[in-house]
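S.K.: Here are the chains, one letter per residue:
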Amino acid sequence: MNDRTTAPPVLDVRDITVRFAGLTALDTVSFTVVPGSVHAIIGPNGAGKSTCFNVLSGLYRPASGTVRLGDTELTRLAPHRIAALGVARTFQNIVTTEGTVADNLMLGRHILSRAGFTASALRLPSAVREQREHLARAREIAELVGLGPHFDSPVALLSYGDRKRVEFARALCLEPSVLLLDEPVAGMNAAERARTAETIRAVRAELGLSVVLVEHDMGLVMRLADEVTVLDFGRVIAHGTPDEVRRDPEVLRAYLGTEATGEDAA
Amino acid sequence: MSELLRRYRAWTVLLVVLLCALPFYLDAFWLRIGLFSMAAAVGAVGLGLLSGTAGQLSLGHAFFLAVGAYGYVWLAGEPGPGLPPAVAVVLAVLLAGAAGGLFSPVAGRVRGIYLGVATLALVFLGHHVLLTADSITGGFNGRSVPPLELGGFTFTASDPELTLLGVPFGAEERLWYLSLALFALTWFTARGLRRGRPGRALVALRDSETAAAVMGVHVARYRSAAFVVSSMYAGLAGVMLALAFRRVVPDYFSLALSVDYLAMIVIGGLGSVAGATAGAVFVTALPLLMTRYADQLPLVAAPGTTDGAVGPTEAARYLYGAAIVLILLFAPDGLHGLVRRTRARIHRRRSAPKDADPATETHPPASAVRAKEPTP
Chain A
1 MNDRTTAPPV LDVRDITVRF AGLTALDTVS FTVVPGSVHA IIGPNGAGKS TCFNVLSGLY
61 RPASGTVRLG DTELTRLAPH RIAALGVART FQNIVTTEGT VADNLMLGRH ILSRAGFTAS
121 ALRLPSAVRE QREHLARARE IAELVGLGPH FDSPVALLSY GDRKRVEFAR ALCLEPSVLL
181 LDEPVAGMNA AERARTAETI RAVRAELGLS VVLVEHDMGL VMRLADEVTV LDFGRVIAHG
241 TPDEVRRDPE VLRAYLGTEA TGEDAA
Chain B
1 MSELLRRYRA WTVLLVVLLC ALPFYLDAFW LRIGLFSMAA AVGAVGLGLL SGTAGQLSLG
61 HAFFLAVGAY GYVWLAGEPG PGLPPAVAVV LAVLLAGAAG GLFSPVAGRV RGIYLGVATL
121 ALVFLGHHVL LTADSITGGF NGRSVPPLEL GGFTFTASDP ELTLLGVPFG AEERLWYLSL
181 ALFALTWFTA RGLRRGRPGR ALVALRDSET AAAVMGVHVA RYRSAAFVVS SMYAGLAGVM
241 LALAFRRVVP DYFSLALSVD YLAMIVIGGL GSVAGATAGA VFVTALPLLM TRYADQLPLV
301 AAPGTTDGAV GPTEAARYLY GAAIVLILLF APDGLHGLVR RTRARIHRRR SAPKDADPAT
361 ETHPPASAVR AKEPTP
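Chain order of the listed sequences is A and B.
Position one of the first sequence corresponds to residue 1 (UniProt numbering), numbered consecutively onward.
Position one of the second sequence corresponds to residue 1 (UniProt numbering), numbered consecutively onward.
Keep in mind the hints are simulated off the structure, nothing from the lab.
Note that the structure is a prediction, hence the values are computed from the model and not measured.
We put the beta carbon where it would ideally sit given N, CA and C, even for glycine.
Not close to chain A: a few residues of chain B, all C-beta gaps over 10 Å, as computed:
#	residue
1	22
2	125
3	181
A few chain A residues facing chain B, derived, Cβ under 7 Å:
#	residue
4	79
5	115
6	120
7	121
Some residues of chain A that are not near chain B, with every Cβ distance over 10 Å (derived):
#	residue
8	21
9	207
10	244
Throw the hints in and build the complete structure from the sequences for me.
M.R.: Okay, here's the thing in structure tokens:
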């Protein structure tokens, strides 16, 4: 299924600081995503998790600090260049485009295909063939995440959970080496959550990619993550395996304000 | 699906045969309406790609129509290089594209309605240049259009004389087939663009710039490219209009013309090639028909008389103004969306007992008014 033989490169975030007019959204944040691992970023609302994703995908430029993917510095690159390097993401609020599931997934194939304005306008054989090949792969990915039956349905008619899945599948269509998932199960019911968790596990195993996960659902984080970084008010307050983080007093204080029994905080 | 496709093909063939047969039955007046409609349709399809597909408003379409029309006249005429007219057509289209490209520093950065304001300047600039650059444009009186000639065949009343099945082939009949061919080319290419990789990238840009960017779409480049492509279609429409009018004058290429084109794509339905065509025919044919039949219509004065009633051109404007209001209120996805929903309803009623596949039935309306994109 996957033709990538080498392991994905290391994603190394060093001392990232982001300020919005006096407010420091991220304060010297550092973490390293080990190739092929699931790395969760957790923290209370407003801790800077989404800001962190926006830096990683090139939407925000940090005031200082570096993000490296292998040997490539990402912080100076435009979002489309970062996407071309194999970093794909989903959004916390669903952002799909008009058209069918197939149209959305084919957008994910954008950087992997070549057909320009002239070739598409004249429907040159190369463009037609390319479109057919990518459509076949997009269908495979739709099957993988459980969207197979909806492949030709308009996205606007799908349920909330299915639209979340469209975003997930669209990101997978980039054949990324690093996948950034911003709250992939927010707003889903228990069955949908379990299914999405299973899919994340499956794609990680099958495609061998690194996953960076922002999520409030602690159960999901604890089950999926290899490593967890905890943010609070823009700072890293804890880092480690799920078990280490769960027992960390700083984390409990950030989530609950006082000493607590280690129940799920979300 | 294949049955649907076959039926679609059959309809297309029937339509093409009908359009090809029309010059044998219609007189020059109706053919001229057809010529103007087809030219407008080419321009509207171009604007539809920019405004409907890419979500960029342009009020400068008249400028690019003028570049195409005057470009052809100058390149093929005297004074001018006097190139073979067929070459001049191609170069005029490229010239309009180049003019769009020169504007790309703006077109690539400025978004949506702001681009509309920025392109407003182009119309006034263009109009001023057309009036003052006498040696090239002929000033206020404009220039006559050199006839098109393809391999010894001239698109005029004679040279060579031509009579087919007892019908003398004058300029209108000949230009009809030329326009039909150019319109078919427009239809083919615009659909290819919309359904291909560039079209998906442009739709993504329109619906969410951030999503497009993180999916690897070079935002500025695709915005500029949409503008250039739209300008090229406008240039081609300009050439077709020039050939049909046989004279180009600056006053035709005014802001009102840009607004007409916007009206066409709104009436037809944003982002659809068929809709843009329907809108173009409506907006173009209406004033011409009302002028012709003014004496038979209530409340409309015959042209040239001043007996208190509304002139046919004004009446046509009122009518299509009303059409825009009605469409925005009751069918924001235009004629195209209206047809699609009606067809879906008929289909549903026919197959009501069976539980039909929802995917082929309902389409969400592609609204002309779009919600603001949420920030990530």
